[in-house]
Amino acid sequence: MRRNLEAIWLVARREFTDQFRDWRIVVPMILLVTLFPFIADDTTRQAVNFMNRFGGDLILDNLVPFAVLVIGFFPLSFTLVVALESFVGEKERGTIEPLLSSPLEDSHMYLGKLLVGITTPLVFSYGSIAIYLFLISRRPVEFPSLYMLALIFLLTFAHAVLMVSSAIVISVQATTIRAANLLASFVVVPVAFLLQGETILIFWGNEDVLWFAILAVTLLAGLLVRLGLAHFRREYLLGREIDTLNFKLIWRKFKERFVGGAHSVVEWYTRELPVTFRELKRPLMIVTGLALVTVIASYLWVVFNVPHYVNLTPEIKNDIRTQLSENITRLSSLGEELPAHLVFYNNARVMVISLLLGLISFGTLGMTVFLGNMGLIGGVLGAANLVGYSPLLTFATGILPHGIFELTAIFLATAAMLKAGALLVTPQPEKSLGETFLLSLADWFRVFLGLVLPLLAVAALIEIYVTPELIKLAFPFL
Numbered sequence: 003m004r005r006n007l008e009a010i011w012l013v014a015r016r017e018f019t020d021q022f023r024d025w026r027i028v029v030p031m032i033l034l035v036t037l038f039p040f041i042a043d044d045t046t047r048q049a050v051n052f053m054n055r056f057g058g059d060l061i062l063d064n065l066v067p068f069a070v071l072v073i074g075f076f077p078l079s080f081t082l083v084v085a086l087e088s089f090v091g092e093k094e095r096g097t098i099e100p101l102l103s104s105p106l107e108d109s110h111m112y113l114g115k116l117l118v119g120i121t122t123p124l125v126f127s128y129g130s131i132a133i134y135l136f137l138i139s140r141r142p143v144e145f146p147s148l149y150m151l152a153l154i155f156l157l158t159f160a161h162a163v164l165m166v167s168s169a170i171v172i173s174v175q176a177t178t179i180r181a182a183n184l185l186a187s188f189v190v191v192p193v194a195f196l197l198q199g200e201t202i203l204i205f206w207g208n209e210d211v212l213w214f215a216i217l218a219v220t221l222l223a224g225l226l227v228r229l230g231l232a233h234f235r236r237e238y239l240l241g242r243e244i245d246t247l248n249f250k251l252i253w254r255k256f257k258e259r260f261v262g263g264a265h266s267v268v269e270w271y272t273r274e275l276p277v278t279f280r281e282l283k284r285p286l287m288i289v290t291g292l293a294l295v296t297v298i299a300s301y302l303w304v305v306f307n308v309p310h311y312v313n314l315t316p317e318i319k320n321d322i323r324t325q326l327s328e329n330i331t332r333l334s335s336l337g338e339e340l341p342a343h344l345v346f347y348n349n350a351r352v353m354v355i356s357l358l359l360g361l362i363s364f365g366t367l368g369m370t371v372f373l374g375n376m377g378l379i380g381g382v383l384g385a386a387n388l389v390g391y392s393p394l395l396t397f398a399t400g401i402l403p404h405g406i407f408e409l410t411a412i413f414l415a416t417a418a419m420l421k422a423g424a425l426l427v428t429p430q431p432e433k434s435l436g437e438t439f440l441l442s443l444a445d446w447f448r449v450f451l452g453l454v455l456p457l458l459a460v461a462a463l464i465e466i467y468v469t470p471e472l473i474k475l476a477f478p479f480l
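Residue numbering for the sequence shown follows our numbering, beginning at 3 and increasing consecutively.
Treat the hints with caution; some may be incorrect.
Pairs of lysine-lysine, BS3-like flavour, derived with a Cα cap of 30 Å [said to hold, decoys possible]:
1. Lys255 - Lys474
2. Lys474 - Lys250
3. Lys474 - Lys319
4. Lys257 - Lys433
5. Lys433 - Lys283
6. Lys283 - Lys255
7. Lys257 - Lys283
No lab work stands behind these hints: they were computed from the structure.
Turn these sequences into a full structure, and let the hints guide you.
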């Protein structure tokens, strides 16, 4: 352990020396980090005067935490260029060969670069925040609590790890500094959108809500670090001078993985698809377990917490049941108002969106969408229990008939997405990051086209033409 830490520090010390002896890096950073707090301080002063004149206590009370969060973000974006050129920059300058020829392990080099990439922006970011807090302490505004400041400092740290780990992955994969700088927008822009979401939490939520943002960003940052370590190989840096986008090669590899050795649709279903399905056993177990926990937790939360917010008197329950019984006849015309093909299209679209969210987050965002749907099922069953209906009978008649097919499709698609995300962060020495991504995508489309779409089509027909009739028949017994 000590030898590994010494090796990592050896790389980090070399990187620190290279950075801080170049005045063209240090001086702009110091100027930007020093001047921006004064600009933010003046902006705060004008905002306070405006709010005191026209009102806006909600904004005024949370103005300083918001400004601290933004001030912490700007130095991270300035100093991101250091991480972006950590590997590709040395490659262009011709200084990386001595490092790669050293007896250091790949993980030592990567973690050493990562340590420097995180430390430098954090020092400037925390320094900028400290200057702003000193300036704002002289203003007639409410100073944030130490607890809130601690949360924002943790969030800034998570942002730094997220952005730097992404930048270093880009630096390893890019062949030129120009390409790395162009790809930087795929780091800065998403984190800027993330910052907007966190701003909403600050203004409309409470302090404890920020823990969810901290945990989410930390999880994603950890996966990005894992991704970089899994796919970093020193020979890969030296053996590639230029990248070409070969669509024919991409399509051929995708097709080979998707079709496999099958020569017909029947052979594909009987020989190739079962292989992919067997590979989904572990992800399916994880997805099923999380789904059960989420449904039960959501059900219990609604049953035990909603009565504290809504006064469900017997009269209100009877009114709800009366309204539902009066509207039950409208289910007969559901097929005319909502055709089955629209239900199928909507469900298929959600599956594709979940895949896209999962691909950019190693499965975490797609899993969030999935758990949200499972939570909705538990919430509906809990609401049925609160108004006096049987949750089991509600599930058996209102969800299970089409849910046998629809939930199976959702579980399969989510498991395939989770497997794709896991493969990306799993070391595979024989495959590049792009090849791993392409093969994972082909596996997902195998499941999507071969199983998910047919199941969703059957589920849509049952949901529109069978489930409403079962609800009408079972409603008197609910």
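(message) With the threshold set at 30 Å, check whether the alpha-carbon distance from lysine 257 to lysine 433 stays at or below it.
(response) 17 Å, holds
(request) Could you grab the alpha-carbon distance between lysine 433 and lysine 283 and see if it respects the 30 Å cut-off? (result) Distance ~23 Å between lysine 433 and lysine 283 Cα, so the pair holds.
(message) Run the distance test for lysine 283 versus lysine 255: straight-line Cα separation, threshold 30 Å.
(response) Holds - the C-alpha atoms of lysine 255 and lysine 283 are around 25 Å apart, at most 30 Å.
(message) Check the hint pairing lysine 474 with lysine 250 against an upper bound of 30 Å on the C-alpha distance.
(response) Not OK: lysine 474 and lysine 250 at ~55 Å, beyond 30 Å, violated.
(request) Would you mind confirming whether the straight-line C-alpha gap from lysine 474 to lysine 319 stays at or under 30 Å? (result) Distance of about 20 Å is within 30 Å: holds.
(request) Given the hint that lysine 257 pairs with lysine 283, test it: the Cα-Cα distance must not exceed 30 Å. (result) 24 Å, holds
(message) Checking one constraint from the list: CA of lysine 255 to CA of lysine 474, max 30 Å. Satisfied?
(response) 51 Å, violated
Hint violations for this structure: numbers 1, 2, all remaining hints satisfied.
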